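4 protein chains.
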Amino acid sequence: MFGRTIDLGLGRKYTGKTKRLINKDGSFNIVKRGREMRLYDTYQYLSRVSTERLALFILATYLLINLLFAFVYVWCGVENLRGTDPSLYPFLNAFFFSVQTFTTVGYGVMAPQGLAVNLVVTLESLLGWVGFAIIAGVVFSRFSKPNVRILYSNNAVITPGNGVNRLQFRLANKRNNVLMEMEARVMLMMQDVHYDRHYYNLKLEQSSLHFFPLDWTLAHQIDQDSPLYNIGQQQLEERRAEVLISIKGFDETFGQVIHSRFSYTFDEILWNARFKKAYDTDAEGEIILNLTRLHETERIN
Amino acid sequence: MFGRTIDLGLGRKYTGKTKRLINKDGSFNIVKRGREMRLYDTYQYLSRVSTERLALFILATYLLINLLFAFVYVWCGVENLRGTDPSLYPFLNAFFFSVQTFTTVGYGVMAPQGLAVNLVVTLESLLGWVGFAIIAGVVFSRFSKPNVRILYSNNAVITPGNGVNRLQFRLANKRNNVLMEMEARVMLMMQDVHYDRHYYNLKLEQSSLHFFPLDWTLAHQIDQDSPLYNIGQQQLEERRAEVLISIKGFDETFGQVIHSRFSYTFDEILWNARFKKAYDTDAEGEIILNLTRLHETERIN
Amino acid sequence: MFGRTIDLGLGRKYTGKTKRLINKDGSFNIVKRGREMRLYDTYQYLSRVSTERLALFILATYLLINLLFAFVYVWCGVENLRGTDPSLYPFLNAFFFSVQTFTTVGYGVMAPQGLAVNLVVTLESLLGWVGFAIIAGVVFSRFSKPNVRILYSNNAVITPGNGVNRLQFRLANKRNNVLMEMEARVMLMMQDVHYDRHYYNLKLEQSSLHFFPLDWTLAHQIDQDSPLYNIGQQQLEERRAEVLISIKGFDETFGQVIHSRFSYTFDEILWNARFKKAYDTDAEGEIILNLTRLHETERIN
Amino acid sequence: MFGRTIDLGLGRKYTGKTKRLINKDGSFNIVKRGREMRLYDTYQYLSRVSTERLALFILATYLLINLLFAFVYVWCGVENLRGTDPSLYPFLNAFFFSVQTFTTVGYGVMAPQGLAVNLVVTLESLLGWVGFAIIAGVVFSRFSKPNVRILYSNNAVITPGNGVNRLQFRLANKRNNVLMEMEARVMLMMQDVHYDRHYYNLKLEQSSLHFFPLDWTLAHQIDQDSPLYNIGQQQLEERRAEVLISIKGFDETFGQVIHSRFSYTFDEILWNARFKKAYDTDAEGEIILNLTRLHETERIN
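Residue numbers (full-length UniProt numbering), protein chains in the order written: chain G, 1 to 301; chain D, 1 to 301; chain F, 1 to 301; chain W, 1 to 301.
In isolation and in its complexed conformation, chain G is listed as follows (with noise of 0.2 Å):
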């Protein structure tokens, strides 16, 4: 029964029942303590939050800077400011003050006077600079980078037909950027009564792709030789079994090699049936694809 196992890097020997092991977003369950916290990580979250995210910590950021500047201004005296406004409270036009010194706007009605003011104006100048290049750089990082957005069928399915079970699950490419050479690996996890999980290569009847513009149905034969045979819905409950999914592909746009993991739990797997076809061609002979119909499936009797 647990025969033939291999090492994926994921742990054997538990002691307790966990969560699934790869998430919906492939991500694995797994917290890493006492590990490295440095700028980088700031930078490399700034680089994948959302365009709302970023926008909300930039003008944050900002804000702040300029508060604290505006204090450093307001403790320097107001007065070696130069053409402030009357109408505004001294804190106000030490903040615009230091607005128009940070973004080098310097619009000069407002400018520093004496020493002290002028050398707090020559390190913000410089950080106003740095901070710019820092905002470049993050910019820059959020598309330089290849945004995979594997689309995968809600459900995995067990497919009869020919004498024999078939497990298949479909997947497409969300976005419009060319990905070529696919491959697949799928393996299967089963723990046992001790909690300690046991891993299994799943063959599949096709594990590559050269082009991948449609949708691509991945099947696992279940025959003699798969883990999963003569094994029903009952027993992968009992054995917690995850399907984990490895896709890998070369995005053209980008030249680089991209991966996308996904998996199903033994409740996302549907018995007896199929999934319908997801794309069709026009009436001009164009090709179309619903990203939509790729999660439909049709019960078997």
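The set of hints was computed from the structure by calculation and includes no laboratory data.
Hints may be right or wrong, so weigh each one.
Straight-line Cα separation of at most 27 Å, DSSO-like style, residue types lysine-lysine; simulated pairs [claimed, not checked]:
#1 W:19 / D:276
#2 F:276 / G:17
#3 W:145 / W:174
With beta-carbon atoms standing in for the labels, derived distance ranges [said to hold, decoys possible]:
#4 F:48 / G:49: 19 to 29 Å
#5 G:49 / W:60: 36 to 46 Å
#6 G:183 / D:208: 17 to 27 Å
#7 W:162 / F:48: 22 to 32 Å
#8 D:183 / G:31: 54 to 64 Å
Every value quoted in this text rests on a predicted model; they were computed, and no experiment measured them.
In this text, a Cβ means the ideal position worked out from N, Cα and C, and glycines have one as well.
Since the structure of chain G is provided, determine the placement of chains D, F and W on it from the hints.
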């Protein structure tokens, strides 16, 4: 007839006539519905459009943002701008003030006054900052990726010789960058009467090339093992045959693997023709490749 | 004894004792004389140094350039600057004017006057421009490459079991980025009495790993085919043995192949010891890897 | 004599004498006519030229653009610029105003007045913006790619030993970056009396190297299977032989595959010579590689 087919990922079951599979620019004739659209796609679009369009886009966005802020300044009251030019309409004053703020030129003859305008300035100069970062990123993106331009001969030819026909076509690198370790894969698509598509690999006499500073002629022998064996010009048309080409190489300048696609439909294949030599040596011993001669063929009687 | 050696590229003929081959940071103990030094190297250096050093470097260069231009403005005559602050030394006025020009703040209270100063300003603002471009580039460089931090256990251990000894060590990814498709190559270096070096491959029980979110224990069986067979602790010391480790993987975030090197010298190998388990599950079923426990070993009697 | 040739992609049918195939800088002696020229090529050119040339190019473009705008401002009427310096020619005033606008310094002592000048300013400050983005991109491009400098020994040698001659040459990494997983491919080109070229692979004793911090000597045994077997110095000259070298490796800093090319013509091959050792250990056990000694050979009698 339709044995030994392969799955290329371009779909096999069809219900009607379709356009050519691969366009002359290497894109697929496949439309994706329901795909994600995001800021990321706009950015990628700007990284690819012609220089003229990018310039137009930048100019238009720049003017639009400044018009927008001009309205805001007018709405705040142009009397809150110091030093406006009485010979110009208030709106123009606001517009030029916006320009001076957004680009951080900040001459200072015009300058903000009072809380409201100063707050708008705070926002606009930040926006100028971020906008600039985005432009810098787009400009760099355009140039940081290999811009591969493979030139394919206008026609493929079928050249008789030594009792066997050869399907041949030529390619060359349009640019001066160094491409190496070229690999070619050539496939044939033929439709049956039900519009279903069948794909075949076409074996090449030489499918890889170490250096690629000259042209490269790819040749497939139409022998007994070829899916083209005993198939004439008319049959190619009836089956709406298309020769699919997938080229892979290494761009030395960018250190990246690059890909190129092309196809010849049945009506782009010349029968009983061959290519003329496209390169020669000049008086100084220099080797000259003339790209315009890449398409030159001659008939064989 | 010294049969079946390989050439790793680290030199075999030596005439004296040498330090360890691979340092703890993965660098080689090899000094290159007569190599090219260029601006490029300065740039690469800045891309790698600690944030603190980079900040210091930027600040110092910034002050230096402004001091330099301050001298030039003084030499041109500070009377050619409009609007200087009479309460400050002429040199300070020149310095702050330089700052306002280099950073393109340009308040304008101080402004250039006459040909000479205007020409210097023309140059300095261009320099500010280019300097900024360089800083932006350095900042982006620091973050655009994978910053791989593999943590290796402090010691390798020799663990007896089932009648055969195993040389083992562990590693984990210090960071939270996803590493995949790990490959390991482990080599042994032993010196003979003439100081010549001999290199051997050490065969691993498992030399590759698909996922790498947990730790990875590498094991070499010291069987009859091993160059370590029948070699005791004292012989390792006499031959100044060093176990060389070369790890390769794929960084998913950057889509790049990454490498890491490490080595254990004879005195960093613990005999008759084994590693303790470094990960466990918590109450919520989350898997916890504790990096500080990676080094924990226990003696075997 | 001319059996077992290969197609390298460098052309085989020729009608006259040609220069060496691969220049000392790795480029091919092949000229492409009719190729595409675009902005992209200018950018790539700037990414590769020497720092001095780039600096000159930036300075010249900067001055040119400002001269151009100076003309436009003069044409608009210098009386539309506020605060011009009466001691300077109107054109110089216009030029310095342009500088202050293009670099966004904007002191404001000089400032635009009226519609026409303000419109030009709107355009020029945008142009300054975009120009800066381009410079930032070029600067970054220059440093974001591996700058591989492989040093090849000035000569190849033919070294007799153990009854067989060896063709040998050496190489080393001129820089301090880490190169790994080196692979070498060596080919021989010989012309026949019709100027046609014939290419052969030369089998290497060791064609790959794991680490590359020292020098690497490549050796080809001239045994019975070698195309150089029984070919003397005079024959090499008659056939205008050229040894073509293609080196591949992995640059760890950039995570990129790198390539290098070189060639030795018949007159750069020394007969009956061998290389001297280029590295040694110093008193502290440090290994020293002296790049200037890479070329040192000694005659064998």
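Results of checking the hints against the structure:
A threshold of 27 Å between alpha carbons decides the hint, and for residue 19 of chain W with residue 276 of chain D the separation of about 24 Å falls inside it, so the pair holds. For the proposed pair residue 276 of chain F and residue 17 of chain G, the alpha carbon gap of about 21 Å is at most 27 Å, so the pair holds. With a C-alpha separation of about 16 Å, the suggested pair residue 145 of chain W and residue 174 of chain W falls inside the 27 Å cut-off, and the hint holds. Roughly 26 Å separates the CB atoms of residue 48 of chain F and residue 49 of chain G, a value that falls within the hinted 19 to 29 Å.
Checked against the given bound of 36 to 46 Å, the beta carbons of residue 49 of chain G and residue 60 of chain W, roughly 42 Å apart, stay inside it. Taken as a hint, the range 17 to 27 Å holds for the pair residue 183 of chain G and residue 208 of chain D, whose Cβ atoms sit roughly 20 Å apart. A hinted range of 22 to 32 Å for the beta carbons of residue 162 of chain W and residue 48 of chain F is inconsistent with their spacing of about 46 Å. At about 43 Å, the CB distance of residue 183 of chain D to residue 31 of chain G disagrees with the hint of 54 to 64 Å.
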